[in-house]
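Residue numbers (the working numbering), protein chains in the order written: chain A, 1 to 341; chain B, 1 to 341.
Keep in mind the hints are simulated off the structure, nothing from the lab.
Honestly, I wouldn't trust all of these hints.
Taking CB as the label site, the calculated pair distances span [claimed, not checked]:
1) B:I199 to A:N216: 40 to 50 Å
2) B:P28 to A:K116: 37 to 47 Å
3) A:L324 to B:D20: 44 to 54 Å
4) A:D328 to B:G49: 16 to 26 Å
5) A:N216 to B:R303: 37 to 47 Å
6) A:T120 to B:V271: 49 to 59 Å
7) B:D138 to A:D252: 37 to 47 Å
8) B:P270 to A:Q153: 57 to 67 Å
If you want the ones that stay clear, here's a sample from chain B, every Cβ over 12 Å from chain A, calculated [as the list claims (entries may be wrong)]:
9) W130
10) N186
11) Q267
12) D269
Footprint (simulated), chain B over chain A, 3 or more residues, beta carbon under 8 Å [as the list claims (entries may be wrong)]:
13) 78-91
14) 133-142
15) 268-278
Cβ coordinates follow ideal geometry from the N, Cα and C atoms, glycine included.
2 protein chains.
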Amino acid sequence: MRLLPKRLRKTSHLKMNEFDLIERYFAPLAGPEGLSLKDDTAKLSPRTGQDLLITTDSFVEGIHFPVGMYGADVAERLLRTNLSDIAAKAGTPLGYQLSLSMPAAKMEKWIPAFAKGLETTQAEFGCRLWGGDTTAIDGPAVFSITLIGEVRQGGMVRRAGAAIGDDIWVSGVLGDAKLGCDLVTNKTISPVPSGEHLIAFETAYWRPEPAFAFQNILANFATAAADISDGIMADVAHISALSETCATLNFDALPFSLGAESWAEAQSDPVESRQKLASFGDDYGVVFTAKAKSRQAVFDAARRLKLKLTLIGSMLAGQGAVCLDIDDREIAWPKKGYAHK
Amino acid sequence: MRLLPKRLRKTSHLKMNEFDLIERYFAPLAGPEGLSLKDDTAKLSPRTGQDLLITTDSFVEGIHFPVGMYGADVAERLLRTNLSDIAAKAGTPLGYQLSLSMPAAKMEKWIPAFAKGLETTQAEFGCRLWGGDTTAIDGPAVFSITLIGEVRQGGMVRRAGAAIGDDIWVSGVLGDAKLGCDLVTNKTISPVPSGEHLIAFETAYWRPEPAFAFQNILANFATAAADISDGIMADVAHISALSETCATLNFDALPFSLGAESWAEAQSDPVESRQKLASFGDDYGVVFTAKAKSRQAVFDAARRLKLKLTLIGSMLAGQGAVCLDIDDREIAWPKKGYAHK
Chain A
1 MRLLPKRLRK
11 TSHLKMNEFD
21 LIERYFAPLA
31 GPEGLSLKDD
41 TAKLSPRTGQ
51 DLLITTDSFV
61 EGIHFPVGMY
71 GADVAERLLR
81 TNLSDIAAKA
91 GTPLGYQLSL
101 SMPAAKMEKW
111 IPAFAKGLET
121 TQAEFGCRLW
131 GGDTTAIDGP
141 AVFSITLIGE
151 VRQGGMVRRA
161 GAAIGDDIWV
171 SGVLGDAKLG
181 CDLVTNKTIS
191 PVPSGEHLIA
201 FETAYWRPEP
211 AFAFQNILAN
221 FATAAADISD
231 GIMADVAHIS
241 ALSETCATLN
251 FDALPFSLGA
261 ESWAEAQSDP
271 VESRQKLASF
281 GDDYGVVFTA
291 KAKSRQAVFD
301 AARRLKLKLT
311 LIGSMLAGQG
321 AVCLDIDDRE
331 IAWPKKGYAH
341 K
Chain B
1 MRLLPKRLRK
11 TSHLKMNEFD
21 LIERYFAPLA
31 GPEGLSLKDD
41 TAKLSPRTGQ
51 DLLITTDSFV
61 EGIHFPVGMY
71 GADVAERLLR
81 TNLSDIAAKA
91 GTPLGYQLSL
101 SMPAAKMEKW
111 IPAFAKGLET
121 TQAEFGCRLW
131 GGDTTAIDGP
141 AVFSITLIGE
151 VRQGGMVRRA
161 GAAIGDDIWV
171 SGVLGDAKLG
181 CDLVTNKTIS
191 PVPSGEHLIA
201 FETAYWRPEP
211 AFAFQNILAN
221 FATAAADISD
231 GIMADVAHIS
241 ALSETCATLN
251 FDALPFSLGA
261 ESWAEAQSDP
271 VESRQKLASF
281 GDDYGVVFTA
291 KAKSRQAVFD
301 AARRLKLKLT
311 LIGSMLAGQG
321 AVCLDIDDRE
331 IAWPKKGYAH
341 K
């Protein structure tokens, strides 16, 4: 981690020296590849027979996390959203580079908490800090992580690869992330959810679950996959666009969480409310396609692993993504992501 | 490159769709590893027998580049500063991830120019865009690149590795970058430099030269190396700190550029002025150590390659970094970087 002493010093008035902050809070997070964060680059000796997967997600204060929340929560969320991309490709995380830009005056207070969030998350998922850059900014904080993972050579599950007739599956539940975002941004959620549901919403927002538990299922059965970051319809549309098929989802099959269902049922238009939840994205987890003939095997594998996995539709001829109601009528869907015009 | 459609859309009011911008300007920069910037991750199949080098440098508007300059120049400078780290380790660049945060209203105008700067630079140095993230920010632009390179297994030249008695060498010339920064930030440079020198200053600032030409010399002779980003004294102090030696530089040997010399000689305190130039950093190029017994071989190699390489000092017992005048008296040096306290 080259930490640009001179440049930072220009704008910083820290009681604790910026190098002390790095040395004290970030260096302990470094894996051997990070060379104690004291060289110009990290060094990775890739394992034979493995491909590397590389992803970048950036958070801007006030857009991707609430203003002023520079602590453990945002660090966990940032690292987890990156992990989610690696998980959706059937990969295993290795290490990451961190670019951290925050107001100099906030660093001494917040970097310890931010580092704590990284520490918790990297311990849980088995990856380490390899390097990065810390800069002062007179404006919104920007945090960016480039995460590197590995996957058996040729084993990356791409977005391209689905074929007509494939089943569409989704991991976990949908909807909590949108309500979690409402919660952390102090929007009113009406009716007031139960305490249990509130916890689920908040957890879904700050600590989304990358789908590593589905790694073997993806590796064995998936023809295409993506993580659920843009809303389920947009995410399947991305797969469709690259696979030259039409993703057809059954609206009633979408696995909304209990909390999200309770909320939606109490709204004036429950269908539209569920659409809003499903369009928000940020649920993470994974949506993937698999051959219809593997259906029972996929069901069995998920049951064996005690994983929630739901069959939500199938790939048909055509393009884009459509959602059908219980009578097979298409439900108008406002936003389907960039691939669907 | 997952481009967060939804999130960007929240804050963006572009005439041209953000995906069109990416597709039109960034996708053509993508190497095969980037999967047309349409998957969740890039995929690299590392070559056998090679280590990977990973580095991150981030630029904040108003700190690392002048306010409002979002175009080709800043893109070139950003990519080149990252390339400089790979070059200093005797590596070869492969590809990079880009995190770009700029005001939404500026994107349509500036992204084409920014992409052009990337294109020029990646063509010159042989690397490609693999992915990244584009986000809108209501504040200073933040550009961050994580660059991945490769080096023969075990061939990375570390900062650690110098021994007592080693020579210290520096590539190229010093001083132009500081005067280039003064120039682009509209500070008065007095006396007015010649047109030729002005061009050299501006070029040094916007298009610093990564030391790839020195790759074989580094690989064959260097015991330790770092790129010159924090000022020569700070950079050798970093090597000292990890090598447990004392870098001893001969002030009169420092290879200031002709333009920098002309400027310094005309100042009221030429020694102090040269120190300022050398402390500013951003000269890039490489400083490295090599065995004294290799001195003639290093000289000969540089001459053969027609490269400017200067012997500027040697590693002695002790710690930190000192600079001696022509009578071997230590020159007081205000800033020596984080390793020297």
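Going down the list of hints, with the structure as the test:
For B:I199 and A:N216, the hinted distance range of 40 to 50 Å is not satisfied, since their beta carbons lie about 60 Å from each other. The beta-carbon spacing between B:P28 and A:K116, approximately 41 Å, falls within the hinted interval of 37 to 47 Å. At roughly 30 Å, the beta-carbon separation of A:L324 and B:D20 lies outside the given 44 to 54 Å, and the hint is violated. At about 57 Å, the CB distance of A:D328 to B:G49 disagrees with the hint of 16 to 26 Å.
In this structure the hint that A:N216 and B:R303 lie 37 to 47 Å apart at CB is violated, the actual value being about 59 Å. Range check, A:T120 to B:V271: about 51 Å between beta-carbon atoms, so the 49 to 59 Å window is met. Restraint check, B:D138 to A:D252: a C-beta distance of roughly 40 Å satisfies the suggested window 37 to 47 Å. Checking the proposed 57 to 67 Å range against B:P270 and A:Q153 shows it holds: the Cβ atoms sit about 60 Å from each other.
For B:W130, the condition that its CB be more than 12 Å from all CB atoms of chain A is violated, with the nearest at approximately 6 Å. Non-interface call for B:N186 relative to chain A: holds, since the shortest CB-CB distance, roughly 17 Å, exceeds 12 Å. Remark: the non-interface label on B:Q267 is consistent with the geometry, its nearest Cβ contact in chain A lying 21 Å away (cut-off 12 Å). With a least beta-carbon separation of about 21 Å from chain A, B:D269 lies farther than 12 Å from that chain, consistent with its non-interface assignment.
Beta-carbon proximity to chain B at under 8 Å applies to 5 residues in the stretch 78-91 of chain A; the threshold of 3 is reached and the given coverage holds. For the stretch 133-142 of chain A, the assignment as covered by chain B holds, since 8 residues bring a beta-carbon within under 8 Å of that chain's beta-carbons and 3 suffice. Coverage of the stretch 268-278 of chain A by chain B is violated in this model, with 0 residues showing a Cβ closer than 8 Å to a Cβ of that chain against a need of three.
In terms of the numbered hints stated before, the structure departs from hints 1, 3, 4, 5, 9, 15, listed from lowest to highest.
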